[in-house]
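Participant: Top line first, the protein sequences correspond to chains A and B.
If you use my numbering, the first sequence closes out at 430, no skipped numbers anywhere.
If you use my numbering, the second sequence closes out at 430, no skipped numbers anywhere.
Careful, some of the hints might be misleading.
[Said to hold, decoys possible] FRET-style restraints, in silico, Cβ to Cβ:
#	chain 1	residue 1	chain 2	residue 2	range
1	B	Lys395	A	Ala408	31 to 41 Å
2	A	Thr221	B	Gly94	22 to 32 Å
3	A	Thr221	B	Leu124	42 to 52 Å
4	A	Leu114	B	Tyr324	26 to 36 Å
5	A	Glu346	B	Glu159	54 to 64 Å
6	A	Leu114	B	Ala408	17 to 27 Å
7	A	Ser257	B	Val203	51 to 61 Å
8	B	Lys250	A	Glu346	56 to 66 Å
9	B	Asn287	A	Glu346	30 to 40 Å
10	B	Val203	A	Glu380	47 to 57 Å
11	A	Pro87	B	Asn214	21 to 31 Å
12	B	Gly310	A	Arg404	17 to 27 Å
Just so you know, these hints were derived from the structure itself, not from any lab.
Even for Gly, the Cβ is constructed at its ideal location relative to N, Cα and C.
Protein chains: 2
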Amino acid sequence: MIQATIITIGDELLIGQVIDTNSAWMAQELNRAGIRVVRRVAVGDVWDEIWNALDEESKHAQIILITGGLGPTADDITKPLLCKYFGGKLVVDEGAKQNVINIFNKLNRPMIERNLLQAEVPDVCTVIQNKRGTAPGMLFNKPHPTSPAGEEIVFVSMPGVPHEMKGMMEDEVIPHLTKKFKLPVIIHRTLLTAGVGESFLADLIQNFEEALPTQIKLAYLPNYGMVRLRLTSSGFDKAQIEKDIETQFSQLQLLVKDYLVTNVDEPMEKVVGKLLLQKNKTMCTAESCTGGYIAHLLTSIPGSSEFYDGSVVSYSYGAKEDLLNVNHQTLLTKGAVSEEVVTEMAKGALQNIKSNYVIAVSGIMGPGGGLPEKPVGTAWIAVGSKEKIVAQKVFFRFDRARNIQLTAVTALNLLRQFILQNT
Amino acid sequence: MIQATIITIGDELLIGQVIDTNSAWMAQELNRAGIRVVRRVAVGDVWDEIWNALDEESKHAQIILITGGLGPTADDITKPLLCKYFGGKLVVDEGAKQNVINIFNKLNRPMIERNLLQAEVPDVCTVIQNKRGTAPGMLFNKPHPTSPAGEEIVFVSMPGVPHEMKGMMEDEVIPHLTKKFKLPVIIHRTLLTAGVGESFLADLIQNFEEALPTQIKLAYLPNYGMVRLRLTSSGFDKAQIEKDIETQFSQLQLLVKDYLVTNVDEPMEKVVGKLLLQKNKTMCTAESCTGGYIAHLLTSIPGSSEFYDGSVVSYSYGAKEDLLNVNHQTLLTKGAVSEEVVTEMAKGALQNIKSNYVIAVSGIMGPGGGLPEKPVGTAWIAVGSKEKIVAQKVFFRFDRARNIQLTAVTALNLLRQFILQNT
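Only chain A is shown next, with the shape it has when bound in the complex (with noise of 0.2 Å):
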C-alpha cells in the first residue's frame, strides 16, 4: 500500500502555541483516498531539522507532504531550502506572480515589493497555484533512495494556512496522487456507543474481535466519556471488501446495541440535528454554565436553522429572571444550580422560544465557585417538552473546559434518550 508522511513546519508547533489542525485533516483525506499514513512529524523553523527531516521522512514514504514555512518573511526558511535540496534555482512564476496581483486588487491594498517574492519558486518544481492566498505549492519528485530504479517520491510543499492548504489539497494534490498512484479503497465503519467504559466494552465484543479475520482491524476511540468503535478493512476489490466489513458492522451493532448511539461516524450533536429533522421538530437551549457551548455545537452544523431555534444563555440572575421567567424565589432558596432552577429554566425557554423539545444546563464548571454540598463539576440538566421535563444531576472532575464539554455532550444525549422515548 502506497505510503505517505506528514510534515509540519513551524516553531510554534514546537512551543506548543498553535494547535495543530492541518495534519488531522490532512490524514483523513489521503486516507479517504487510499494512501495510509504512517508518520507525521512537526519541526521547527530550522534549517537542519528541516533538510534531516526530509531524509528521513524519505525511508518511510513514497509521498511527502510538507506544510508551513512558506510566509513571505525572515523567519520562513523552507522555499530556499526545498531549492536548495533538491538543486535548483529561484526563479519568478508568471502565474503565481499574477495571482499575487490579484489578490491585492482585489482586497483593494497596498502591494510591497516583498508580497511579490511570494511568486519566486524553485525552476524544478511544478507549481500548484493557490486560489486562496499568495503563497504557491510546489510538487518535486526525486528517486527513491533505496527502490529499484525507476520509483519515485513525491514532494508536495504547501502553506501552512489551514484553507489555503485544504484548496490545494481538493483541487491539485490528490486529483495528482490519485492519477500517480494505484490506489486501493479503505473503507471504515464507525459507530458510537454511550454510558459504557471502554473495559467492559472489550469484555463485551471479545469473542467478536478475536474471531474477526485478520484484514479486518477493531480500534477503540474514547471521547467525552463516550466510546467509538471502528472497523477497518482496505484492498483494491471494493464490492467485496464492502461486502466483508458490513457482515462484521452488522453483528457488531447487534453485540453493542444496549449502548448504541449512532452507527456513522458523526458527533452527538448531529446525530439529535438528524433525529430532530426525521420528526420535523426543533429544539431550543437555556444554558447557564455551558455558557453557550450547546448553541456552539448545534449551529456548527449547516443548515441547523431547520431543527435548532436559539438559546438562552443565562449568565446573570437578571438574565435567569427576565429572559427565562425563573423565579427570583427559587433562586435564592434553592441556588442557581438546582433541581428547580434548571426545570423553571426548561419551561422557560419553551415559553419564549416556542420550540419543541428543550435542554436547560447550570452547573459549576471550576476552577472557581464550588461549594461542599455543590463541588466544582456539579451539574443540573432538564431536558424535555410542554408534556413533561426531567432533570438529572451530573458530576464531572476535570478542568473547565473538559466539563463544560462533557455537560454539553451528556445534556445532548439526554435529549436524544427522550426524544426516542417519548414519542
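Chain B: place on chain A using the hints.
Facilitator: Here is chain B on its own, set in the frame of chain A:
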C-alpha cells in the same frame, strides 16, 4: 540546551479521527521548564513503527515523552513493546493495582479482570502513579547511543487521555526533569496586532528585526486575521535575559502601536474581559450567525460571570422578535442580515439583559443561504452601549467554521475599540 521530542501513538492520529491537542500542551510545559522541543512525531499502533520511532528519536533528544497506546484493549501494544525495548518483564505494581481498585470503588462500577491488567508494568521502569485514571505512567533511562559514557536518555510513557497526561506531567514528570537536568530559562514576549497584514508588519519592523541581537528571535504568528509577534530568548542569567528582551519588546510595541491589541499572549476574548473588569462594566451578546460562539469564547474564561451577563442566540425569526424585540416589519423589509436588524438586536439585548455593553451579529456563514446581494460570508456586526450603537458590515470568504470564528473575533475587537473610544 536540553532537547526533547514527543512521540504520540495511535492509529486515530494517522487517519485524522482525532486532533492532537496533547502535544501542544506538552510542548508549552517543556518550554516553560527550559527544555527545547525539537520534533514531534505521531505513529500508529504498529510494533515496528513504534520501535523505529524510539530508535530514531533517541538520535535527536535527551528526553523522549510518549503518550497513548496504554489502554486496556488489544490494539494497545505500547506497554509490552516498551517492556521488550528496555529489556524487562511485566509485573504487577501494588500501587497501581490499589489505584485501579480505588477508582472502581469510587465510581461504584464492577471491576473486571481486564482492568487489573492496567496495574502491570515492566520491572525496569519507575512507575508514575495516575491519580486521574487507571493506566500508570512509566519512566525509563537508557544510555545515549552517541554520547560519552554516563549520559542518559529519559523516556516517559503516559496515557493519551489529556487530563491524565496533564496531571502526571505537572505532578511528576516536569519536577523530575527539572531535578535531573541543568535547565536554562526560556523567555517569550508576545504581542497581538489587528487590522494589518503580515507583509506590511514585516516591512514596518524590518530595521528592528535586522538589528535584533542574535540570541533574540522574532516570529510572526498569523491567526484569525490578526498577527501575533513573538520575541524569544534563552540562557542561564535570568535577570540579564529579561532585561535584554524587555528593551527590545518595548521598542517593538512602539513600532506597532497603531495596531497593538495587547502586549501579553492572550486571546481577544480575554483582552475584552480584562478591559471590562478594569472599568467595572458588563456586557451581553445577541448572536444569530455565530450561534453562541462568542458566548462560548467569553464563558471559557474562568470568572467570566464578573463581566458577562449572557446572550440571546436568536436563530429563528421568532427568537429575534420575542427575546430581542426586533420589529417584525424590519425583518420582512430589510432581512435578518441587515444594519437595521442587527442594531435592533443590540438594543433589544441591552434592554432585556441590562448590561453596559453589547455585541450583536447576524450573517450568512454558509455553505448554504447565500444571496446575490448578500453572499455567504457576509455579516453585520453592531457594538455599543445604551448611548450609542455602531454597526459595520464584514465579509469573509472561508468555510462555515472559519467564518464563524473570524466573525466572532472581529466582533470582539470592534467592541474593544468602541469601549476604548467611548469612555
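Participant: Could you run down the list of hints and mark each one as holding or not?
Facilitator: Checked hints:
Take Lys395 of chain B and Ala408 of chain A: their Cβ atoms lie about 35 Å apart, and the range 31 to 41 Å holds. The hint said 22 to 32 Å for the Cβ distance between Thr221 of chain A and Gly94 of chain B, and at roughly 30 Å that hint holds. A C-beta distance of roughly 24 Å is found between Thr221 of chain A and Leu124 of chain B, which places it outside the suggested range of 42 to 52 Å. For the hinted restraint 26 to 36 Å between Leu114 of chain A and Tyr324 of chain B, the CB-CB distance of approximately 34 Å keeps it satisfied.
The beta-carbon spacing between Glu346 of chain A and Glu159 of chain B, approximately 57 Å, falls within the hinted interval of 54 to 64 Å. Checked against the hint of 17 to 27 Å, the pair Leu114 of chain A and Ala408 of chain B passes, with Cβ atoms roughly 22 Å apart. Our hint of 51 to 61 Å for Ser257 of chain A and Val203 of chain B holds, since their Cβ atoms are close to 57 Å apart. The hint said 56 to 66 Å for the Cβ distance between Lys250 of chain B and Glu346 of chain A, and at roughly 57 Å that hint holds.
The supplied range of 30 to 40 Å is met by Asn287 of chain B and Glu346 of chain A, whose beta-carbon atoms lie about 34 Å from each other. Separation of Val203 of chain B from Glu380 of chain A is about 52 Å and conforms to the stated range, judged on CB atoms against 47 to 57 Å. For the pair Pro87 of chain A and Asn214 of chain B, the beta carbons lie near 22 Å from each other, so the given range of 21 to 31 Å is met. A hinted range of 17 to 27 Å for the beta carbons of Gly310 of chain B and Arg404 of chain A is consistent with their spacing of about 20 Å.
Of the numbered hints listed earlier, the single one contradicted by the structure is hint 3.
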